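Enquirer: Sequence:
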Amino acid sequence: DKSHKLAVALYTIKNTQSKLLEKEKITSLGVFVSCIAHDFNNHLNIINQGVRGIRASLKKKNFDLIEDLVSDINDTCQKASEFIQSMRYSNNLENMEKEFVLKPLVESVLQLNRGLMFEEFTVSIKIEEDFKLRSNDLILYRAISNLVKNAIEAAGDDGRKEMVFEAFCQGDDVRIRVSDFGGGVAEENAEKIFGLFTTKKDGMGIGLKSVRDSLKNIGGAVSLVSLSNPTTFEIHLKDAAINDLSYRRSS
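So the sequence shown is numbered by the working numbering: it starts at -11 and just counts up by one.
Where hints are given, some of them may not hold.
[To be verified] Calculated pairs, SDA-like style, for lysine to any residue (alpha carbon to alpha carbon, straight line, at most 25 angstroms):
id, residue 1, residue 2
1, Lys226, Ala174
2, Lys91, Lys137
3, Lys91, Asp201
4, Lys137, Gly159
5, Lys86, Glu108
6, Lys226, Glu70
7, Lys226, Cys157
8, Lys86, Arg163
9, Lys137, Glu95
10, Lys91, Gly159
11, Lys226, Phe88
12, Lys120, Glu154
13, Lys204, Asp125
14, Lys137, Leu212
15, Lys86, Phe71
16, Lys137, Asp63
17, Lys204, Val89
18, Lys67, Leu126
19, Lys67, Leu32
20, Lys137, Gly41
21, Lys114, Ile72
22, Lys120, Ile206
23, Lys137, Glu117
24, Lys47, Glu117
25, Lys180, Ser214
26, Lys91, Lys47
27, Lys204, Thr219
28, Lys180, Gly159
29, Lys91, Thr220
30, Lys114, Phe156
31, Lys114, Leu215
32, Lys120, Glu108
33, Lys137, Lys49
34, Lys114, Glu154
35, Lys86, Asp227
36, Lys114, Leu93
37, Lys197, Ile35
38, Lys86, Glu175
39, Lys67, Gln99
40, Lys137, Asp160
Simulated from the structure, these hints should not be mistaken for laboratory data.
Model, not experiment: these values are computed from the prediction.
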């Protein structure tokens, strides 16, 4: 009868919804795990480059460089440990905010990635020495690390090996820009790159999605503001400004 058919239809709909919800949860979990794996792999790449550098330095008996590389590896392990700890408290990220100076954080990212950079790479850090902000420094470190890695890869063997860092305030917000002069981003891919998308043969398409998702968790955002010459990504942190000096802009 009609009531029986209606009951069967409702059951089918609810069962289908339940399966779709479960599938969505599994998909979300898979993306989350992939983002963690991608970020952790970045740490492993730095450690691997450090080990290679130590082996090469041992042959040349360059013990000063070995000491620097050991320090880099130790710092990278510390960052990896902090990254894991931040995952344990991912539901309490707002309470992990603190005041810090931006330029040393950027310099730390570059220092630990020097093994991946070409010797002729030029880096310009156009950030005031006393530029302070209040945010989650671990998430910002991860975000800038991913952008730096992308910039290094964009340069390739033949590209213009240059990176530029800028930071300024707009009202109470902080904006941080990372620019490179590599191959650029095709206009049709400008929004795709923040999803599960890659143009690399062995890429996972996780890096920029991880940046966007992690910044979103602290009320921030990342956007592409210039496609090429330079390619510029901008990190936007709401209500993070502290100082009110020459780096405040109106636009």
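Enquirer: Work down the list of hints and note, for each, if the structure agrees.
Expert: To see whether the hints hold, each was checked on the structure:
1. Lys226 - Ala174: Cα-Cα ~28 angstroms, so violated.
2. Lys91 - Lys137: holds, 18 angstroms
3. Lys91 - Asp201: Judged against 25 angstroms, a Cα distance of about 23 angstroms means the pair holds.
4. Lys137 - Gly159: The hint is violated at about 30 angstroms.
5. Lys86 - Glu108: Given pair Lys86, Glu108 is violated - Cα atoms ~35 angstroms apart, limit 25 angstroms.
6. Lys226 - Glu70: holds, 23 angstroms
7. Lys226 - Cys157: Holds - the C-alpha atoms of Cys157 and Lys226 are around 10 angstroms apart, at most 25 angstroms.
8. Lys86 - Arg163: At roughly 17 angstroms apart (the allowed maximum being 25 angstroms), Arg163 and Lys86 satisfy the hint.
9. Lys137 - Glu95: Holds, at roughly 14 angstroms.
10. Lys91 - Gly159: Between Lys91 and Gly159 the Cα gap is close to 20 angstroms, so the pair holds against 25 angstroms.
11. Lys226 - Phe88: holds, 15 angstroms
12. Lys120 - Glu154: holds, 13 angstroms
13. Lys204 - Asp125: Between Lys204 and Asp125 the Cα gap is close to 14 angstroms, so the pair holds against 25 angstroms.
14. Lys137 - Leu212: holds, 16 angstroms
15. Lys86 - Phe71: Holds, at about 16 angstroms.
16. Lys137 - Asp63: holds, 17 angstroms
17. Lys204 - Val89: holds, 21 angstroms
18. Lys67 - Leu126: holds, 8 angstroms
19. Lys67 - Leu32: Distance ~11 angstroms between Lys67 and Leu32 Cα, so the pair holds.
20. Lys137 - Gly41: Answer holds: Lys137 to Gly41 is near 18 angstroms, not above 25 angstroms.
21. Lys114 - Ile72: Status violated; Cα separation ~31 angstroms.
22. Lys120 - Ile206: At roughly 17 angstroms apart (the allowed maximum being 25 angstroms), Ile206 and Lys120 satisfy the hint.
23. Lys137 - Glu117: holds, 24 angstroms
24. Lys47 - Glu117: violated, 38 angstroms
25. Lys180 - Ser214: The hint holds at about 15 angstroms.
26. Lys91 - Lys47: violated, 35 angstroms
27. Lys204 - Thr219: holds, 22 angstroms
28. Lys180 - Gly159: Violated, at about 30 angstroms.
29. Lys91 - Thr220: Satisfied, since the Cα-Cα distance of roughly 18 angstroms is no more than 25 angstroms.
30. Lys114 - Phe156: This hinted pair holds, its Cα atoms lying about 10 angstroms apart.
31. Lys114 - Leu215: holds, 20 angstroms
32. Lys120 - Glu108: The hint is violated at about 30 angstroms.
33. Lys137 - Lys49: violated, 29 angstroms
34. Lys114 - Glu154: holds, 5 angstroms
35. Lys86 - Asp227: holds, 13 angstroms
36. Lys114 - Leu93: It holds: about 13 angstroms lies between the C-alpha atoms, which stays within 25 angstroms.
37. Lys197 - Ile35: Between Lys197 and Ile35 the Cα gap is close to 23 angstroms, so the pair holds against 25 angstroms.
38. Lys86 - Glu175: violated, 37 angstroms
39. Lys67 - Gln99: holds, 13 angstroms
40. Lys137 - Asp160: violated, 29 angstroms
Of the hints listed earlier, those the structure fails to meet are numbers 1, 4, 5, 21, 24, 26, 28, 32, 33, 38 and 40, in rising order.
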